[in-house]
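Using the sequences and the hints given, assemble the complete structure.
2 protein chains.
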Amino acid sequence: MTSLLQAELKQTRPFPSAAAEALLSILRTAAVLDHELADALKPFGITPTQHNVLRILRGAGEDGLCGREVAERMVASVPDVPRMLERLEAMKFITRERDPGDRRHVTARITAAGRQLLTRVTPEIEAVQARRLGQLSKRTLTNLIEGLAAVREAR
Amino acid sequence: MTSLLQAELKQTRPFPSAAAEALLSILRTAAVLDHELADALKPFGITPTQHNVLRILRGAGEDGLCGREVAERMVASVPDVPRMLERLEAMKFITRERDPGDRRHVTARITAAGRQLLTRVTPEIEAVQARRLGQLSKRTLTNLIEGLAAVREAR
DNA sequence: TGACAATAAGTGTTACAACACCTATCATTC
DNA sequence: GAATGATAGGTGTTGTAACACTTATTGTCA
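So the sequences go chain by chain: A and C.
Residue 2 in this note's numbering is what sits at position 10 of the first sequence, and the numbering runs on without skipping anything.
Residue 12 in this note's numbering is what sits at position 20 of the second sequence, and the numbering runs on without skipping anything.
Honestly, the hints are just simulated from the structure, not real lab data.
Do not rely on the hints blindly, as some may be mistaken.
Where chains are identical, the list cannot tell them apart; a pair therefore holds if satisfied intra-copy or between any two copies.
Claimed, not checked - Computed list of lysine-lysine pairs in BS3-like fashion (alpha-carbon distance at most 27 Å, straight line):
hint, residue 1, residue 2
1, Lys34, Lys84
2, Lys130, Lys2
3, Lys84, Lys2
Now the structure itself:
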């Protein structure tokens, strides 16, 4: 039997193991999804990474978060938080303020414009989500979530 | 019940749907794996993308492949194949030759040095694979592979 | 309290990703 | 067989990722 992924990548040889196929499946699927999300966000002038930051800051509310806390909550690690926040500030989607209590910290907060952007963007993201994952059964989704969690936990 | 991913990303609110959680799970897991693979490859001076190209060209053998064919086989799409191949050629891991039959095509082939690099790199990649996926049951791996294939096929 | 470690942010630099546009070569058709 | 369109590469430019290094501020403890 020939796997779907094998045909997709036009591989001539079968995968040496299920683990190898699962590894590539995860990377390939994420690449497809990330690309679609980027396309959906492009009309709004932001990247998936920036969208992720805005959602994190919306979740934090009025208290905001410092750069390190934002980094901890990101889906994919960002090795240059200051400049990433700087760009979002330039776009007026967040504000940055030095924390008077601990002047090492810079607290970032989402602005009204940022919240508004998220409101407009959300349906587009949900459309991608519905198209790609909407037809999967509850059972399949649970299996995916648990399997992927096991991969992330493994050490 | 609080999901693992929710705790991982320090989210205060639960996911609105299983589909939303699965989507983020895929992206998050791929980011973790990609980061580990990049770390494993760093001592050898290549990126996961470059490693992917070398494996593709090794699979193609002496016939080699043209740029478009390489792009079709990549796990993640690369929007700048010429310069990517140019870099690998500069590192002496591949050769490029204009096809005499159709002078539009440039055939890329892996070199002995490229094959040698793959041989040295493979154990490191397999170590990541074994660590992250080695403990999963056959059943879990199959579920993952099938679930992810369903996501990629959905339209 | 004064030195030193730890933490958070910022900066400088390099390489790569992404996009749009341009060039060369070949197939097709009238 | 000249014009047209399609296909494969290449180039120019901009922005961002990645990494190492520096600065500023705070905590700790001899």
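Please flag the earlier hints that this structure goes against, numbers listed from lowest up.
As far as the earlier hints go, not one is violated by this structure.
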